[in-house]
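Asks: Quick mapping for you: the protein sequence lines, in order, are chains E and R.
Residues in the first sequence are numbered consecutively from 1, following my numbering.
Residues in the second sequence are numbered consecutively from 1, following my numbering.
Any given hint could turn out to be false.
Said to hold, decoys possible - Using 30 Å as the maximum straight-line C-alpha spacing, the simulated BS3-like pairs for lysine-lysine come out as follows:
1. R/Lys275 / R/Lys299
2. R/Lys275 / E/Lys73
3. R/Lys110 / E/Lys128
Treat the hints as calculated values from the structure; they're not laboratory data.
Small disclaimer: the values here were computed from a predicted structure and weren't measured.
Chain by chain, the residues:
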Amino acid sequence: MNPNRSLRLVWVYPDLLSTYGDRGNALVLERRAKLRGIPAEIIEVNSDEPVPRDGDIYLMGGGEDLPQTLATKRLMADGGLHAAAQNGAVVFAVCAGYQMLGTEFGGADDMPVQGLGLLDMRSGRGEKRAVGEIVADVDPALNVGQLTGFENHQGVTRLGPHARPLARATLGTGNGDGTEGAYAGRVLGTYLHGPALVRNPNLADLLLHWATGPLPPMSPQSEELVNRLRQERLAAVTPSS
Amino acid sequence: MRARVATTVGSAAATVSRLAGKGDGSVIGGIIGLRLAPDLLSLLAAGRQVVLVTGTNGKTTTTKLITAALAPLGGEIASNIYGANMEAGLTSALSRAPDARVAVLETDEKYIPAMIKATQPKVVVLLNLSRDQMDRAAEIWLLARRWREAIGNAPGCRVVANADDPLVAWAASSAQQVTWVAAGQRWREDSWCCPHCGAHLQRNGDDWSCKECGHRRPPVSWILDGDEVIDPTGRPTRLDLALPGRANRSNAVIALAVAEAFGVHISQALGELRKVTSVAGRYTQVQRRGCDIRLLLAKNPAGWLEALDVMAPAPTPILLSVNAQGPDGKDTSWLWDVDFRRLRGRHVLVGGERKLDLAVRLEADEVAFKLVNNIDEAVDAALTVARNLEVLANYTAFQQYRVALGRVQ
Numbered sequence: 001m002n003p004n005r006s007l008r009l010v011w012v013y014p015d016l017l018s019t020y021g022d023r024g025n026a027l028v029l030e031r032r033a034k035l036r037g038i039p040a041e042i043i044e045v046n047s048d049e050p051v052p053r054d055g056d057i058y059l060m061g062g063g064e065d066l067p068q069t070l071a072t073k074r075l076m077a078d079g080g081l082h083a084a085a086q087n088g089a090v091v092f093a094v095c096a097g098y099q100m101l102g103t104e105f106g107g108a109d110d111m112p113v114q115g116l117g118l119l120d121m122r123s124g125r126g127e128k129r130a131v132g133e134i135v136a137d138v139d140p141a142l143n144v145g146q147l148t149g150f151e152n153h154q155g156v157t158r159l160g161p162h163a164r165p166l167a168r169a170t171l172g173t174g175n176g177d178g179t180e181g182a183y184a185g186r187v188l189g190t191y192l193h194g195p196a197l198v199r200n201p202n203l204a205d206l207l208l209h210w211a212t213g214p215l216p217p218m219s220p221q222s223e224e225l226v227n228r229l230r231q232e233r234l235a236a237v238t239p240s241s
Numbered sequence: 001m002r003a004r005v006a007t008t009v010g011s012a013a014a015t016v017s018r019l020a021g022k023g024d025g026s027v028i029g030g031i032i033g034l035r036l037a038p039d040l041l042s043l044l045a046a047g048r049q050v051v052l053v054t055g056t057n058g059k060t061t062t063t064k065l066i067t068a069a070l071a072p073l074g075g076e077i078a079s080n081i082y083g084a085n086m087e088a089g090l091t092s093a094l095s096r097a098p099d100a101r102v103a104v105l106e107t108d109e110k111y112i113p114a115m116i117k118a119t120q121p122k123v124v125v126l127l128n129l130s131r132d133q134m135d136r137a138a139e140i141w142l143l144a145r146r147w148r149e150a151i152g153n154a155p156g157c158r159v160v161a162n163a164d165d166p167l168v169a170w171a172a173s174s175a176q177q178v179t180w181v182a183a184g185q186r187w188r189e190d191s192w193c194c195p196h197c198g199a200h201l202q203r204n205g206d207d208w209s210c211k212e213c214g215h216r217r218p219p220v221s222w223i224l225d226g227d228e229v230i231d232p233t234g235r236p237t238r239l240d241l242a243l244p245g246r247a248n249r250s251n252a253v254i255a256l257a258v259a260e261a262f263g264v265h266i267s268q269a270l271g272e273l274r275k276v277t278s279v280a281g282r283y284t285q286v287q288r289r290g291c292d293i294r295l296l297l298a299k300n301p302a303g304w305l306e307a308l309d310v311m312a313p314a315p316t317p318i319l320l321s322v323n324a325q326g327p328d329g330k331d332t333s334w335l336w337d338v339d340f341r342r343l344r345g346r347h348v349l350v351g352g353e354r355k356l357d358l359a360v361r362l363e364a365d366e367v368a369f370k371l372v373n374n375i376d377e378a379v380d381a382a383l384t385v386a387r388n389l390e391v392l393a394n395y396t397a398f399q400q401y402r403v404a405l406g407r408v409q
């Protein structure tokens, strides 16, 4: 990140990729940056506008089949997201946006659509829709801990050798083979939909760390409510021991 | 005869359900009746003039307003006023009113195609489409496509549709007869793109058009303009409703357009609309220990946006309450689609089974609040600063407060 300007959080195509609370990811990153004294701004880029190449973190949300396919085509034609990712920008995508990061995904009527190719993975349509709470243990290399969130998708994703699973699902479906999400370099995606970073502040901080370097701590007071929410949600779906 | 036996057994079950305190009895009767005669709804609808009302928000209120607006026709009107809006609820509403020639039926968005087939409606009302309870509701572009197909296959019915909602307008444009209403669209986050071709829509005030495929806002005959309705002759009339808010003015203009299709003139219909003061407990004023409480129900981001618009100004405290039971949707992600920043500086109380989700959301918008565990704690907190309290809750949270306050109507 350029130290002379604020952290640029680029929300890619909210007009096509924003189904259910996706704004939350931008708001959480902005809040956690600002509480540490890092100035941050959210830049919303609609699908009729060029994607800036100088963002620090790019966010992609969920979408129905048709918008997902349209968004992919426009991002390929635009080239801004690819250029930024090549320059080391962070990319964080959920749900339909996550599928788009791969080399292929299932579009309307499950016809294969060429993806953005930012992650070595392919997605198709599964037998039944995965809807509900999801819990997953993140790759220990990332030092994030447990993920808690909500999934709502019918995708099945298989990773190639150049992408690593983000986590191992202990509750819910995720990629469909026991793994959940994927990452390679600073490109990371998950089936946790909508405001996935809200209940996972460590994941939000990982993205901020990738973009800005080591982070100063936050006051315990500013973390209290979100930690209570995390505990409540995990306790609600975990069998009592 | 089959219809009569099935409805008699069904209505006995409804009475038992009400006496047992299990509910309003508006579904169980229909479920049992449909077991006995699967085509019961078609049998009961035959020979009646049916209005089906659907959309993401405002179905229950608009159904009540249309029923009111049609009162000048005289005679009984069948209606599912408690919001039981799937096949069993519609069946039950018709069986309770065997002599009603007219039926105004709120219908769940997903069931519209099947219900159009079963009831052969005279009028179908399409209010709006926006994100709602994504864990159980269909995706809205898909829903719009299904509406479009169902309406295209029902040449006998008139569609009354909101021209200001691009998804609704696209769905309705397959109909042979449409009354277009400029009913406004406060929430736009689900209609930035053309439902026909996907291009980014050009929007200018309420007008919208697609420069790629030419799909555009149709010419309208009824207009909501601030506090006034402009009828098809171009004459403005003040609405002066008892119900609060822009959304209800919008629902009222739709009701006037439906009344016109039945030959009821605006001058007669509007007087009836003004008498409506509450809808199944919504907008009801109730007193608790000297505190005037008003109950507002909203279930999704578009509904919360409209409800926040009608909140009484400071210093009136506001209780926000969210549950995530089945009928609410088990996913609280939608809270992040609501902009709460306007509540900064207000006295905000937060309740409901998912109060922590709401608390974290408000924290991100820098809105101060106090957590409360029930309506009495909220009243205690409210009385320290005012004599009244505005309550905004989603479905089961609303019902819990309504029960706690004595099943207010």
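Asks: Of the hints given before, which are not true for this structure?
Replies: 2
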